[in-house]
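Protein chains in written order, with numbering that gives the first Met the number 0: chain S, 0 to 537; chain Y, 0 to 164.
Read the hints as simulated data drawn from the structure, not as lab findings.
What you are looking at is a predicted structure, and each value in this text was computed from that prediction instead of being measured.
Even glycine gets a Cβ: it sits at the ideal position worked out from N, Cα and C.
Derived pair list, reagent style DSSO-like, types lysine-lysine, alpha-carbon separation capped at 27 Å: (1) S:K184 <-> Y:K74; (2) S:K397 <-> S:K226; (3) S:K192 <-> Y:K62.
To give an idea of the interface, some chain Y residues facing chain S are shown, with a C-beta separation under 7 Å as derived from the structure: (4) G21; (5) R25; (6) K66; (7) R71.
Cβ-Cβ distance ranges computed for the label pairs, FRET-style: (8) Y:E31 <-> S:D132: 32 to 38 Å; (9) S:D132 <-> Y:I113: 40 to 46 Å; (10) Y:N29 <-> S:M188: 31 to 37 Å; (11) S:S175 <-> Y:E31: 34 to 40 Å; (12) S:R448 <-> Y:D40: 53 to 59 Å.
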Amino acid sequence: MNGADAIIKCLEAEDVKYVFGYPGVAICPFYNSILESEIKTVLVRTEQSAAHMASGLARTTGKVGVCAVTSGPGATNLITGIATAFADSIPLVCITGQVNSSLLGSDVFQEADITGAVESFVKYSYLVKNVNDIPRIMKEAFHIASTGRRGPVLVDIPIDIQNATIKSFKYPDDISMRTYKPTVKGNAMQLKKLISALEKSKKPLICVGGGVALSNAQDELLSFVEKHNIPVVSTMMGIGTMATKHPLYFGMVGNNGRPYANKAMNECDTLIMVGARVADRAVNQPDFLTSNKVLIHMDVDPAEIGKNVGPTIPIVGDAKAIFEDLCKEEVTASFDEWLNELNEYKNTLVEKRNPNLSFVDPKVFITTLSEKMDDDGIYVADVGQNQIWSCAYHIVKKGNFLTSGGMGTMGYSIPAALGARLANPNRQVVAVCGDGSFQMSMCELATIRQEDADVKIIVFKNNYLGMVREYQHYTYKDNYSVVDLNDYPNLEKLATAYDISYYKVKSNEDCESMIDKMLSTKGSCICEVMIDPYDTVK
Amino acid sequence: MQKRVLQLLVDNTSGVLSRISGLFSRRGYNIESITAGVTADARFTRITIVTSGDDDILDQIEKQVAKLIDVRDVKVLEPSNSVYRELALVKVKTVASNRQPVISLAELFRANIIDVGPENLIIELTGDQDKINAFLNLLEGYEILELARTGIAGLGRGIENVTYL
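Hey, can you work out the whole structure from these sequences and the hints?
What follows is the structure, encoded as structure tokens:
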């Protein structure tokens, strides 16, 4: 058995179903060994997509996503995908081939110091120098990626190590890492403090971030808030933690959030932030959070607590374990009055949109689409105006809402949607992007076809990089610079080129029938939605 | 701005020093000095870092360092409860005529003359940073040709909280 066989055995032991990647000489031993395995491989069209596909799989299954690419440019192309996963704490194991270990450091063909290059975007990285270390390193890599605060781990394996004979293969049952022991259970004293703060509170609020879904704590959170009638808001990464129409859910906060959600944040007297970083998009004045309220900050990563704002009550631990414990506690308080107040805000603070009726209003399209989607449908939003509209108008029922929240990586939606679909072949998957972000990952249409996957791709077409155009509209008084996308490509012809269906939505009246048609037809499609080039999210 | 001395016990893996220094540079934290050396147990390295910032930043530095997978333990070495030492090697330009006053000064500081050349001396001095700074100040009238300082190494006093080698 050689090193490459050993890596595959490790992936099998971790129950990996898919490897997304792109071969090259330095990773060829790996791709040769994988032929003997049941693990399916997906040939992406550019390496960045491999990480996004693995991310789509990870976020919809709770498992670690795996990608494998070659050395040099293969590895460096992967970096944006890794950084995207890191910013959103998505568990990935990224395997990169590397040049012969005896040549390391001599700048040979396709050599790149990838462990050095990704240092600030990974939870940890390994450069394998001894074939017998492979089982331990792979075990640790999966363990690190999937525990504590999740994140990507990179394993760089020189080609000679992949080809070297391993003495004996045994996948370790346990981890013995001296230095890595994330806290899971919340400190009992701190939980007591939380309960007593709740009892003193008249206006409590929970703000959920991406951490709740990452620890699979949605049910525990729901039991807790339903038991005590506590209202919930979310960050962008927290969307989908609760159903949008749940009576206790009051929308996304932040500079692109719902006005009533922000009002709730401002007026609550006790705020529980869970698995959220208190980053600038959600909270642009962190000091304000502590000036008039008790702030309770829960996170599995102690370094997030106090980074942007100093909480009154810090709680380190995994959201699932914490809410399990909290559900056992009794709270004697009623928040009905506060809920009435919030519902009043929800009904009265409606943002005014002034849609141009010669185009499709994104609000109408997204609302109609999400109403018609399956309850457990997966909605992947890209980055740009489409993302802000998706956050505002998509109605999550029991499905997932995926987007690149932290890094804001354009081109995320199509590959992430494909990864999600392959991992969930029975669930409906929709990717929503703009004409800018679409073109960044357009090459993956070929992968979608090759995998015969059913991904509905919605393209909001306005011939502009809309988000930047909007910024230039407000900041530079319509002095547009490098935002005109022209009219190409012709999406209908493109759909023909890839043998997928094409739909065009030109007006609000078209939305319903076109969405019905699109969702009822089997197979992937491009649905081009003509929107006003001068529409804004604000 | 305050100074804080951190003592880290880390896994002795390749790249561990670059992981730590990389964390400081990308997050914009200050490193005033960093020293590293293997402990009595070859699996571990002990690193002493002198850093500075306001309280919030210093707390954040501690947490971010503790978060690194290779870092086994982070301690703050409080001045009142720790000892710090730094080594300095000073090459001073001297000729026969002005050699004696430099040697006297070195003796005063219990420094060692470890090399003598026709036109220079190399002085080895160990002490806390104040002592080394004071010595260098007194050398002002002479020409310092080269200076090498190690940055401080530190240990907490006493036998409490000693978990590792």
